[in-house]
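Trainee: If you want the building blocks of each chain, they are given just below.
Protein chains: 2
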Amino acid sequence: MLRTHTCGELRLQHAGQAVALCGWVQTIRDKGGILWIDLRDRYGVTQLILEEGVARPELFEQARQFGREFVLRAEGKVAERAAKNDKIPTGDVEIRVERLEVLNSAKVPPFTIEDNTDGGEDLRMKYRYLDLRRSPVRRSLELRHRMAQQTRAYLDGQHFIEVETPVLIKSTPEGARDFVVPSRMNPGEFYALPQSPQTFKQLLMVSGFDRYFQIVKCFRDEDLRADRQPEFTQIDCEMSFITQEDILNTFEGLVKHLFRTVKGIEIADLPRMSYADAMKYYGIDKPDTRFEMRFTELKHHSTNLPSQETVVDLVSGKNFPVFEDAELVVGIAAKGCAEYTRKQLDELTEFVKRPQIGAKGLVYVRCNADGTIKSSVDKFYGEAELRGWAQAMGAGPGDLLLILAGEANKTRKALAELRLEMGERLGLRDKSKYSCLWVLDFPLLEYDEEAGRWFAMHHPFTSPKPEDIALLDAGSLGAVRANAYDMVINGVEVGGGSIRIYNRDLQEKMFGILGFSREEARRQFGFLMEAFEYGAPPHGGIAFGFDRLCSLFGGADSIRDFIAFPKNNAGRDVMIDTPATISDEQLKELHVRVATEGKK
Amino acid sequence: MLRTHTCGELRLQHAGQAVALCGWVQTIRDKGGILWIDLRDRYGVTQLILEEGVARPELFEQARQFGREFVLRAEGKVAERAAKNDKIPTGDVEIRVERLEVLNSAKVPPFTIEDNTDGGEDLRMKYRYLDLRRSPVRRSLELRHRMAQQTRAYLDGQHFIEVETPVLIKSTPEGARDFVVPSRMNPGEFYALPQSPQTFKQLLMVSGFDRYFQIVKCFRDEDLRADRQPEFTQIDCEMSFITQEDILNTFEGLVKHLFRTVKGIEIADLPRMSYADAMKYYGIDKPDTRFEMRFTELKHHSTNLPSQETVVDLVSGKNFPVFEDAELVVGIAAKGCAEYTRKQLDELTEFVKRPQIGAKGLVYVRCNADGTIKSSVDKFYGEAELRGWAQAMGAGPGDLLLILAGEANKTRKALAELRLEMGERLGLRDKSKYSCLWVLDFPLLEYDEEAGRWFAMHHPFTSPKPEDIALLDAGSLGAVRANAYDMVINGVEVGGGSIRIYNRDLQEKMFGILGFSREEARRQFGFLMEAFEYGAPPHGGIAFGFDRLCSLFGGADSIRDFIAFPKNNAGRDVMIDTPATISDEQLKELHVRVATEGKK
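Just so you know, the sequences run in chain order A and B.
The numbering used here puts the first residue of the first sequence at -8, with every later residue one more than the last.
The numbering used here puts the first residue of the second sequence at -8, with every later residue one more than the last.
Everything labelled a hint here was simulated from the structure, so no lab data went into it.
Check before you lean on any hint, since a few could be wrong.
[To be verified] With a Cα cut of at most 25 Å, we get these calculated BS3-like pairs of lysine-lysine:
1) A:K500 with B:K98
2) B:K75 with B:K22
3) A:K456 with A:K271
4) B:K404 with B:K326
5) B:K271 with B:K351
6) B:K422 with A:K579
7) A:K370 with A:K334
8) B:K351 with A:K208
9) A:K98 with B:K500
10) B:K456 with B:K422
11) B:K247 with B:K22
[Stated by the list, open to error] Covered, in the sense of this in silico footprint (three residues per stretch, anywhere, with C-beta under 8 Å from a C-beta of chain A), are these stretches of chain B:
12) 83 to 96
13) 158 to 164
14) 177 to 191
15) 411 to 421
16) 523 to 529
17) 566 to 575
In this text the structure is predicted, and so the values were computed from the model without any measurement.
All residues carry an ideal CB built from backbone N, CA and C; glycine is no exception.
Can you build the whole structure from these sequences, using the hints too?
Mentor: In structure tokens, the structure reads:
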């Protein structure tokens, strides 16, 4: 090794020891008679000191030529610092330099290598190798490393076997768009990159592998919204001879293990919520349960969702047309917000009227601290009605009721957004707090009005609940629930899975419902259906979005800094400048031609 | 769980316990009054028993309908067997069945699910999910799992950080052919799949990550020779602030750790051999050192290879034209083979004359046990000369000398093959024995006569030995040695790496030598050369072929059973039937057209 220690390692106990350190120049301070260099590596920063009368003069000469990010090797003795720095672990000591070697020089970096850099996103991505030198980014990737090691340690301990499934597979029309790879050896034919190893892990179950996992790259050629990547990583798992309960317990165990070993946090058993309740009480299938603020329905004319409660209508008959015409009137109580100013209330109204939220307006009721009650619909509703609403919503003096009305699904979706906005405003979405839950009993199918057909809500291999098979047979497709589950943390779906179909007939029926012709189903998934005829065990599994899980553990909003070399929203790696054109010779060998129709 | 235990778990100590097992029917033996079922899962086989008068009659009825590979759930009590089977760990017990449930039926499999199957390669690959049920294949993948976990445990313990590098990267003309991926969002442009994460891991060193590893899929679009796969897995590693010595010690440590933890074998420190010595004494850069049988040069006119010994000419001046004209006369002594029959010697002659070996003929000398000596060149050489050869080759009574002559490189290559063949015939290549070594000091460059230019022997990022830079500058390109090293186990190159260039000027010079124009070098590798200007540390690394390493640990010749879903020699996955055609719509979206010129 060119060094005896790292830049994060030396303490007072090392005083007097001769050491050699390697690292990058973080800062140089030259006070004439004394010159300090902060030397940085992955492990920390250690102060080097050159003192007039102590260090040889030529060392000063040499050190004055150094710039930021020069790579140095320094030899010297560890000494106690006169002025200690208790902000860094090495702050008690410095190195009295006896020898300095420049391992490499550095041009002035295009942005500062500091925790808070002056580099914009584009510049940081172009010089990602410099951005990765910054502590927050480095720490994010170190966290990811620990997450990966601990994931494997847990699953290995549970007798899961890690199996690598192929990357060059077959394109399937269901789901998102595939990336494809022309085959040189098979002219006119293509491989596809996997959107997930779904069929392979099911085949591994047919093979008897019984407990499989993989931390695996997957690929989706989608138009990239913010924080989506064309290649992403999953913790992919599958188990045989299990019930849904076994999967929930096993992977609840994984997440507890990760919180314990990576974050030092003991989390409680995960609550479970049905999809129906999640929609009813939070308006979304991935509720952020760090805070309550549940929905209260003041009127509900739809019977789409099963509910054990009798719906009370507290709003009809008062000639308020918005509520009269509404399928659903639903609200939340924001604790302690009765004193919101007109301006604040206007902001909230503007918020819900934004096109991406789509509400027509917002009704509010102030439950003032002095016991009075005041609403934006005083013209239609008297104090008795308003107090009735407040009571239904569990609101007391000082609280603010926020109520939306309209078509049920849209209104729920809008109120879910408003709830999150209120949580944000009230500081209830603390990134250092974690609230995990299971959402269960998803619908098996959802109808796409535009495409005019049913789609699998999870994927075509998900099994209906046995007790709902009769509904499936009766054609009540929308009412059939699946043995499907999502793990939700802080309002983010971090993982999802299902108990699978393992019977050829049911799988064929499912493909039929999804609009596959028999021939199509066989061409695409014949191998899987055939496999089901040779002794397929009952099985199910789950996949976690690893990038997202890491960013959540890291308390970050974006996944980008948890990926070493991410792509931008146009799917480009601006550092290596790809995608790029390839040679005509290459294209010819691959039996393809570019057809850009003058766009290039 | 549907089971209380696995099929590999129950012992005498469980006798009397009520259990539930799940698994596949391996065999059924029906003796009328007694019926046995061997139930198999990933963990083993357990015997189920149904006895007349004990089990209910309807159980017999039911069990008689079962076929091989049916998936069962059996409940019953563990009992001591009357006739124990000491060949399996569960052989002391059986399950007295009280309840049987068919979880799934099975068609008769297309080949037997036994250790030695009757299925040919093609059938096994088409039904790979059934092939994977066979114990040898399952054990191979279990071994791979342990290898992966232990690799990570060791490297994590050495402070290596696992970083995922991108799969969608940029095509480069150097090296093998790339697989490419058309970009929908960037018409006419393509990603490429990585042949290795080489440039990314070097950038991670520039970023200060200092110790990186990854177990990672890589891709090469090559014409597949036997036992090559278009996608393969590497253990990829890189370190900063190190010398070659540090890399050798660190990764020698990895291999020792793997042998210890996976195989229970303590291996000795790895011997080191220069490339020059490997070529001189074994004729190959990856010698199988499980056995000695080193080359002895009887005449060597070339001075291509540095050698500390004076070459003795023991063959010239006797008018034997083959030796007179030869650049190199070189032989091996096969211990105890003096009594080889004429037929055996003819076989060896035929062996070396095969076109892929290419020798013109074989000279032999029998050092008979009775002290006489006899050769195929008695016409030209007397007993004194022959005894001189035998002495030079360290041969004694009972040994056989095998000698080849001709152009130095070709002759060495041919004798290397003959040496391996003799090792095979003499049983010296025991798959359960392991002999590891480092081969060092590879040439930096090799000249390709056909292409008329120099190629990097390792890759363009490998650094020349500092003491050989003068040779590089003087244009003696063939004499320049690299800081490059291979790890060889049993004649297989399992890993290789180098200390890298980390200086822009030297890297540009290297690209120049390799025939890149300045502009090409910048377009392809500008980001790396630019990175070198921002403070690149000295660094180096290594990559291990993980598939091959696993097969070596598994004592197998082929890597295929150490890959869950391998492709055949035409790059096809015959199970899922890919590559395959894709829709015109898909092609159009990707801005490409198939151009098979009537081949399709």
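Trainee: Hint numbers the structure violates, sorted upward?
Mentor: Hints 6, 8, 10, 11, 15 are the ones this structure does not satisfy, whereas the remaining hints hold.
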